[in-house]
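Trainee: These are the residues of each chain, in order.
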Amino acid sequence: MVAPIYIIATLLGVAFALGLFGKKMNSMAGLLSVVALGFASFISLEWLAGFWLYDRAAEYIYTAGFKPPFSINLLMGKDEALFTSLINIAGFFGTVYLWDKLKKIGSNGYVTLMGMILGLNVIIMTRDLFNLFVFLEISSIATAGLIIFSQNLKTIAAGFKYMLATGIISGILLLGIIFMYYFTGTLNIDDFLAVHSLAVKGFGVAVFFVLISIVLELKPFPANGWGLDVYESADSGIAAMISAGTATASFFVMYKLLPLGTPQFHMVLAGIGLATFIGSNLMGLKQTNPNRLLGYSSIGQVGLLVTILGLSEFLGERTTFIAYSILISHFLAKAGLFWISGIVKRSEIKEWAVLRNNRLLLILFGVFIFTLIGFPPFPSFFGKWDLVLNMASNNQYFWIVGILIGSLLEGVYLFRWLGYALKLDNAEMPAFEVKWNKVLPIAVFGAATFVVGYFVSSIHPYAKIINYIPLAVALAFVLIDFLPVYVKNTLAILAMAYYYYYLYPTLSSFGAVFGAIFMVGGIVTLIAGYAFKGQRRGFYPFALMMFAGLIGLIEAKTTLGFFYAWEVMTVGSYFLIIRGKKSMPHALSYMLFSMGGAYLMLAGFAIASVGQFNLDMSTLSHVLVHPTWVFILLAVGFLTKTASLGLHIWLPGAHAEAETDVSPMVSAILLKAGVFGLVTLFLAMGDQLIGGDVSVIYLLGWLGAITAVMGNLMAAFQEDAKRLLAYSSVGVLGYILFGLSLMSHLGWLSAVSISVTHFMFKSLLFLAIGGVVWRVKTKEMYRMGGLIKRMPFSFFSVLIGIIVLAGLPPLSGFSGKWIFYNAVMAKEWYLQGALIFFSGMIAFLYTFRLIHSVFLGQLKDEHREVKEAPFWILVPQYMIIGVLLYFSAIPNSLLKPIGKIISPYFPTGGLEWTGQHAVSTYGYWNGLVIFYIVIAIFVTVLVWLIINNRKAQKVKQFNIVFAAERPFKPETSHYAYNFYAHYRKAIGILVEPKITGWWEGVAEWAHAMGDKFRKIYNGNGQSYLIHIMAFIVIIYLISFGGF
Amino acid sequence: MILLLITIVLGVVMLIAALIAVYNKDMKTAIIAAGLTSLFASVLYVLLAAPDVALTEASIGSGLTTLIFFYVYNKIRRNNAQE
Amino acid sequence: MLRNSLILLVLLGFAAAVFPLVHSYEAKDTLTGVAEHYANYGKEEVGAANLVSAVVVTYRGFDTLGEVTILFLASAVIGLFLKVSETHTKDSRSVFFKSTEILVTASRLLVPMIMLLGAYIFINGHLTPGGGFQGGAVIASAFALLLLSRPQKQFSHKLISVIESISGITFVFIGLLGILLAGGFLDNHIFAMGKFGTLLSAGAIPIIYILIGLKVGSELTGIVRNLKESQKVG
Amino acid sequence: MQLFSIEYISLVVGFLILLIGIWGILTRKNILKMVIGFSLFDTGTHIIIVALGYVRNKTAPILDQANLQTNTAQKIVDPVPQALVLTAIVIGLGVTALMLVYAMKLHNEKKTLNIEKYNDLKW
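Residue numbers (full-length UniProt numbering), protein chains in the order written: chain D, 1 to 1043; chain Y, 1 to 83; chain S, 1 to 234; chain A, 1 to 123.
Among these hints, one or two may not hold up.
Across the chosen pairs, the derived CB separations fall in these ranges [unchecked claim]:
{"hint": "1", "chain 1": "A", "residue 1": "Thr112", "chain 2": "D", "residue 2": "Glu428", "range": "47 to 53 Å"}
{"hint": "2", "chain 1": "A", "residue 1": "Thr112", "chain 2": "S", "residue 2": "Leu110", "range": "48 to 54 Å"}
{"hint": "3", "chain 1": "D", "residue 1": "Lys1012", "chain 2": "Y", "residue 2": "Val9", "range": "51 to 57 Å"}
{"hint": "4", "chain 1": "S", "residue 1": "Asn4", "chain 2": "D", "residue 2": "Met28", "range": "51 to 57 Å"}
{"hint": "5", "chain 1": "D", "residue 1": "Ser27", "chain 2": "Y", "residue 2": "Arg77", "range": "56 to 62 Å"}
{"hint": "6", "chain 1": "Y", "residue 1": "Val9", "chain 2": "D", "residue 2": "Leu1037", "range": "32 to 38 Å"}
{"hint": "7", "chain 1": "D", "residue 1": "Ser27", "chain 2": "S", "residue 2": "Leu6", "range": "34 to 40 Å"}
{"hint": "8", "chain 1": "Y", "residue 1": "Arg77", "chain 2": "D", "residue 2": "Thr262", "range": "33 to 39 Å"}
{"hint": "9", "chain 1": "S", "residue 1": "Leu6", "chain 2": "D", "residue 2": "Tyr454", "range": "51 to 57 Å"}
{"hint": "10", "chain 1": "S", "residue 1": "Leu110", "chain 2": "D", "residue 2": "Leu1037", "range": "51 to 57 Å"}
{"hint": "11", "chain 1": "D", "residue 1": "Met28", "chain 2": "Y", "residue 2": "Arg77", "range": "39 to 45 Å"}
{"hint": "12", "chain 1": "Y", "residue 1": "Val13", "chain 2": "D", "residue 2": "Leu153", "range": "38 to 44 Å"}
{"hint": "13", "chain 1": "Y", "residue 1": "Arg77", "chain 2": "S", "residue 2": "Ser156", "range": "35 to 41 Å"}
{"hint": "14", "chain 1": "S", "residue 1": "Met1", "chain 2": "A", "residue 2": "Thr112", "range": "49 to 55 Å"}
It is worth saying that the hints were derived from the structure and are not from the lab.
Just so it is clear, the structure is predicted and the values come from calculations on it, not from any experiment.
All C-beta atoms, glycine included, are put in the ideal place defined by N, C-alpha and C.
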């Protein structure tokens, strides 16, 4: 072990020696600096390893040969080792990144940089308060120097503001320190911690000044305008160092001095942190400059960390785990993002589309964004989980709400930015220059997010039992992304099949049903992937990630495992959805609704865990506190995924704009994750009563019924075929919710069987319509027509699909509906039943329109030569049709096993089976007989039509004979346009986008608020100083309750 | 007692000098007033039995700082004149 | 005006906030805490007659190292600003008053004496008031005087940085010697303690103070020189 | 507490100068004036520190007389605040010098010393 004092001696010695280097020796100076920083990193990492692996004891470093408090001492403990490692690594890679710039600047530049790293190292290790002050000054002077590495009006002004602010702050710090000395006769932090508090008010005030200065160093809202200016103007490499280095070290100082504060002060601190977290993310909403945006995010994240410190009384021994996992995520991600920004060199986030020119950087960009928000497998995910769980166990719901709102706001701008980078047009942008010394640090930090994430999960008592193999397989596909589609597709199918084979014996109950939907369904939809040519980069990792998440839901033994899988699935599906050409806004709203839903689930799981001995899923069945809330939170969380009315606005766009084979994945398979969640929830918790008399499930039943009607109505009024299907999914998921809400054997039987058939018919329809769209290059139905002649196979698919969808006999959709009405009758929910019945009628409307507008009528001129849909898109369709027909002819092959699964939970009121003859309380039904009868009728009618069809008269499509004016747009006179105009007149008011409007209003309001708040940052350095002083006075008043 | 009187006088003079430094329109006067505040402070330090501090304040606080102020001020003035 | 009243309000608030500090002040009769230890044992432990020096150089020597670093960094950062003016622009005008014959003559006479004074101050830092910082500042003021009187005069930048660097490195090195030969980083017992109250006493303190004096002097001179040379910086 | 003692008066004067300094920083538009405010702020702080270390009727902490060398704690003022002030003064010089250079460079950019004019970065 190298003594930690050598970190200081090396950095300082080299800094002093650099003065000897002339201008011609800049490379030498640079090399020496890098070596020194590398050595410093080595020392601190060696200590860190010593603490982790060999359980070393912390070591004090005494200076001047005297024991403290008589001389200054430093401490190298576990925490210090970690933080100095972070700082030195940031310094090392930061220097590598800034290599060219530093070389141009010369030895003064190296000196400044080493000075900053040195200062940060000492403020982490020192145990002497005045020494802390001195080295804080060192780092702030050095920072002021770093800011002006690029010299222009902006950097100089920002640097000056920074100097003004830190000048005031350190003055006040000094004042506090000297009075602390006066009252205690010591400057040693350990002595202060032993004294803790004195009866004299002056001592309390002195401590307050010390602590508030450290808080101010952390840039609390609103006294942080100076910090933002620095982030915006400084060179990105420098901003990375400030964000990763200075913020990290200042955080540690706060952590170190935390015990000095009274419990009241800790609460104030938590409040400051939360205000900063929410305020800063709110103001970030309107920001378009990437570096300033990162500044807002950085300040916000530090605010979150401050909140965690303030709440340490509640978090207890988990404080360290939570704070560190979030801090390290922030450290890695923020440095990485700033570094990327330095390569991209664009001052508008919209111009970041240029990032697509470099795949590696694009991937890293995504990794950092997800790390920052706290998605698995990154460390902050586990930190946030523990944070919310521990706060819930202390009944601190206010903080949970605040933290989750802040995170959501951060998600808004970060994902918008990611969306811009992924989707906006970058055709006319010149490429940017990429140098290896700039990419290397970013890549290392990107890899580190995974390593640290794995490490963090391995030391978490519950995270370590999660099965990470599916996710690892998905990530492995990143490495083979260069292979052609057919290879990757085959591998993906094999992987899924193998995993299903491996998992199959362990599946039982509903897990088996949904496992089949997820995995068999996944394999079937993947087959369509063979239709794609080339490499189809970035598809397979995310498709498999989504399936990994879905599998994880079924495998989950603990609530953490479930939530983890849920988030993995969200990430995967987000990237699948955003692949669509016009998907950017829809993917964003999908992500935001998913995040919102996930946070509700998180809160729900957290409250459910209160007082439990473990996190097993089974704990949901005996929730000890606020069970109604847990139920509502989880249910609403799941409903965002099933797109219930009110939470559905993300779905149509996301599903409709997705690629041909992605639409069935997200619409037919992904939505079932929400259903699976609801099934799990309903089984575990049963019904809950609000205020003792209103049943939540009863309300959900209404919601399901209304969703079914509205979803179908909206589907009926779509012009876009895929949108129509998407809305239809909303409707069907409404049925399912309604069925589950019946809480009876038949209700569940219908809900689960519709889940299965919905997977089949919706995949079928989306694939078929997707195949058509693939060929005709439009999704507007009135632009199609008559395609039956060109695409008979697709026509047949759609025909089968809509028959099942509309619940017509003979196919299995009918059996579902039949059971449905039986269940409604048994439950005596007549009104809701009527709504469901009504929605069934509307389903006829849109299914008819779908087949009529697309396949019947006259063929468009431009479609005369159109070919049948690609072979590989037809294959899965006909596989599904085969299964559908089998289920229809032999319905008990589907219903009987499902009934068996349901029986343990709802033993009474099931169907009685004799062969294919099912008997319920209200009647009987024989699938096979119906199948034959209907087919007979159908054939009869068909023959009759063929014979009589010759008399039919053809009408031109654009026939305007009956109109008095020349149409403004040709489609207005097309019969297939606004097909149900008369219905729209009658009930169109119901489908006006009020809900969409409401959500848009919320978004606009938040943006306007953010815009209003950020006006306090008027750019005047003096105003910022006034903010600082006012902040001190106000926090003083809050802390002491008066002067 | 005499020390007390000197202290009071020094204090008053320092406060006046400080106010002049903040309020006087002429920058040169302001700089000199700030330097004087510092200089009187070093006298005060002698009274407070702190000769080391007095020496430092006199040489650095009032001496060098004022000098640098003037350097910069003149640079700026000349810069203005050139426009 | 509204702005100023608001500021006044804030300032009054701040004054009210610091009031408890003044209010809790009580005159002391005797030393307590670490100061008591320094007073009673400083003589044996460190051997410097000037207890302030003992505290500055030994007990809190690490702070002093930091302090030196601050000046070093300030000088480097100022250098960063001025790096553009690599080509030295000649400016014959004095900084704020005309360089007269008297001044030139006086400076010839005074500068060596001031420098000697500075050296005296830092060499005797462990015995009498003053030390490396004060001495360094005095030396720097001598150079400033030179600059005032003879603006055309060039100092060797190289020399200044070499002195600065060598003294800095030696300081760190002596600190490290403390680990090897004595109780810890910056321990002054690496040299003989000598007789209390004489020039060659207090172990490494005189050496360190000389180094500090040289370093501070060269740093401050560097700052002044840099300022002077930054005539036209774009 | 004795109101009329040199240490108490110094303490109060220190605080007043500190407040004047802050007032200057917060109200003067001229950047140089703001820096002057900072140097007053520093001076005030230094006076406070030294005043806090003072012990009435005791001598400076320099043991150049034999009688000081025994039972010293009863005879001298506190050396620690003095040592701290030394450090603080030097730091103050560094910071002030740097601020002044910043001011100079700012003036170079816009030919004005009005802090309000340097608001290109905001929101």
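Trainee: Next, verify each hint and record whether it holds.
Mentor: Hints versus structure:
1. Against the hinted window of 47 to 53 Å, the Cβ-Cβ separation of Thr112 of chain A and Glu428 of chain D comes to about 39 Å, which falls outside the hint.
2. Restraint check, Thr112 of chain A to Leu110 of chain S: a C-beta distance of roughly 38 Å breaks the suggested window 48 to 54 Å.
3. Range check, Lys1012 of chain D to Val9 of chain Y: Cβ separation about 53 Å, and the 51 to 57 Å hint holds.
4. Checked against the given bound of 51 to 57 Å, the beta carbons of Asn4 of chain S and Met28 of chain D, roughly 54 Å apart, stay inside it.
5. Checked against the hint of 56 to 62 Å, the pair Ser27 of chain D and Arg77 of chain Y fails, with Cβ atoms roughly 41 Å apart.
6. The hinted range of 32 to 38 Å is satisfied by Val9 of chain Y and Leu1037 of chain D, whose Cβ atoms lie roughly 37 Å apart.
7. Range check, Ser27 of chain D to Leu6 of chain S: about 53 Å between beta-carbon atoms, so the 34 to 40 Å window is missed.
8. Between Arg77 of chain Y and Thr262 of chain D, the C-beta spacing of about 52 Å breaks the proposed range 33 to 39 Å.
9. Look at Leu6 of chain S against Tyr454 of chain D: about 53 Å separates their beta carbons, and that is inside 51 to 57 Å.
10. For Leu110 of chain S paired with Leu1037 of chain D, a C-beta distance near 55 Å keeps the hint of 51 to 57 Å intact.
11. For Met28 of chain D and Arg77 of chain Y, the Cβ-Cβ distance of about 41 Å falls inside the hinted range of 39 to 45 Å, so the restraint holds.
12. At about 41 Å, the CB distance of Val13 of chain Y to Leu153 of chain D agrees with the hint of 38 to 44 Å.
13. Remark: the range hint 35 to 41 Å for Arg77 of chain Y to Ser156 of chain S is contradicted by a beta-carbon distance near 29 Å.
14. For the pair Met1 of chain S and Thr112 of chain A, the supplied restraint of 49 to 55 Å is violated, since their beta-carbon distance comes to about 22 Å.
Taken one by one, the earlier hints fail for this structure at numbers 1, 2, 5, 7, 8, 13 and 14, listed in ascending order.
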